[in-house]
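> Residue numbers (my numbering), protein chains in the order written: chain A, 1 to 105; chain B, 1 to 234.
Quick caveat, the hints were computed from the structure, so don't treat them as lab data.
Treat the hints with caution; some may be incorrect.
What the hints assert, rightly or not - Heads up, simulated SDA-like pairs for lysine to any residue below, C-alpha to C-alpha not over 25 Å straight-line: (1) B:Lys-102 with A:Leu-36; (2) B:Lys-102 with A:Ala-81; (3) B:Lys-102 with A:Ser-85; (4) B:Lys-102 with A:Gly-24.
Stated by the list, open to error - Derived coverage of chain A by chain B (criterion: at least 3 residues anywhere in the stretch with Cβ under 8 Å from a Cβ of chain B; other residues may be distant): (5) 42–52; (6) 58–66; (7) 82–92.
All residues carry an ideal CB built from backbone N, CA and C; glycine is no exception.
Now for the letters of each chain:
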Amino acid sequence: MSEIWIVILGLGAGTFLIRFSFLGLIGDRALPGWALRLLRYVPVAVMPGLVAPLVVWPAATGGETDPARMIASAVALAVGAATRSLLGAIFGGMAALYLALWAFG
Amino acid sequence: MPRDPLRAFLQGMRDGAPFLLVIGPFGLLFGVVAREAGWNVVEILAMSVMVIAGASQFTALQLMREEAPTLVVILTALAVNLRHAMYSASLAPHLGPAPLLKRALVAYVLVDQTYGVAMNRYAIAPAMSAAEKTAYFLGVAAAICPPWYAFSVIGAYAGAAIPAWLALDFAVPITFIALFAPALRSLPHLAAAFVSVVVALLLAGLPYSLGLLIAATLAMLAGAGVEIAMGRRS
Numbered sequence: 001m002s003e004i005w006i007v008i009l010g011l012g013a014g015t016f017l018i019r020f021s022f023l024g025l026i027g028d029r030a031l032p033g034w035a036l037r038l039l040r041y042v043p044v045a046v047m048p049g050l051v052a053p054l055v056v057w058p059a060a061t062g063g064e065t066d067p068a069r070m071i072a073s074a075v076a077l078a079v080g081a082a083t084r085s086l087l088g089a090i091f092g093g094m095a096a097l098y099l100a101l102w103a104f105g
Numbered sequence: 001m002p003r004d005p006l007r008a009f010l011q012g013m014r015d016g017a018p019f020l021l022v023i024g025p026f027g028l029l030f031g032v033v034a035r036e037a038g039w040n041v042v043e044i045l046a047m048s049v050m051v052i053a054g055a056s057q058f059t060a061l062q063l064m065r066e067e068a069p070t071l072v073v074i075l076t077a078l079a080v081n082l083r084h085a086m087y088s089a090s091l092a093p094h095l096g097p098a099p100l101l102k103r104a105l106v107a108y109v110l111v112d113q114t115y116g117v118a119m120n121r122y123a124i125a126p127a128m129s130a131a132e133k134t135a136y137f138l139g140v141a142a143a144i145c146p147p148w149y150a151f152s153v154i155g156a157y158a159g160a161a162i163p164a165w166l167a168l169d170f171a172v173p174i175t176f177i178a179l180f181a182p183a184l185r186s187l188p189h190l191a192a193a194f195v196s197v198v199v200a201l202l203l204a205g206l207p208y209s210l211g212l213l214i215a216a217t218l219a220m221l222a223g224a225g226v227e228i229a230m231g232r233r234s
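Please model the entire structure based on the sequences and the hints provided.
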């Protein structure tokens, strides 16, 4: 078996086990209150940290901080927080990116 | 199938559909990059079907290009997906009562976008039953996952025809921002997001996404801590 297929199968099986972990184990048993309180913050605890390095050191510029991409991120964040519209945030952010790339380019 | 889960499924598909705008470019990009790295179309499709996680698929590709040992490739790409264990835990209270097979299906399609959309919905409509919540989740996935497979394959064929000025690379961070921005609705949520960003940037040099895991853990504690502090004062 080639290395590519070993990676595909290993990564596929491992990823499923990670995703199934708590969903599979816990079933209809209730979680304790302190756990629920912590889990409430999972989305805002993971995603901002995931995205911050991509914004500050974007791959497309070889890791060089880029004002256009910073502005685009700020616009997406502001639109998303103000309107709670996901599509608005995506369109706003990409429009700001093209404008800023054009302005600075 | 009873009527209400069906309605929830269709609602999920509608709410997931806008993500095609993001899944499309991201999937294309994966196909293009994997083809450049010498993968054939069957391998590209198999990877997207089995993994459904852009960030970790790109990580694996990159490491294989650098000729890292196979085990390191798999473990590092899995580390990128460890955040999904936290998603799994936070979904468990919502979907726990659903049958095991359905929970396994949800686990297969548990990605950032399906999770983000579903959690926003569950926050707005807490009265949904577990069956409706499961159906809703699978509806979102039905709109997002098959196109992910398809776009990877299209990318493999389209290759160099995609112009660089489209800056598709940045569609990915913008999507993540769009996913969490609407959730910044209270002081504890803001505190969690702030801690997450600061710690992730400070620890960005750590290998295996360890920085992100530490940042996320501290951020959860910050959110819960601020919530408790506010509760005491009021």
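> Now, for every hint given, state plainly whether the structure supports it.
Hints versus structure:
1. B:Lys-102 with A:Leu-36: 22 Å, holds
2. B:Lys-102 with A:Ala-81: Between Lys-102 (chain B) and Ala-81 (chain A) the Cα gap is close to 33 Å, so the pair fails against 25 Å, i.e. violated.
3. B:Lys-102 with A:Ser-85: 29 Å, violated
4. B:Lys-102 with A:Gly-24: The hint holds at about 10 Å.
5. 42–52: Three-residue rule met by the region 42–52 of chain A, so holds; n is 11.
6. 58–66: holds (count 3)
7. 82–92: holds (count 6)
The earlier numbered hints that this structure contradicts are 2, 3.
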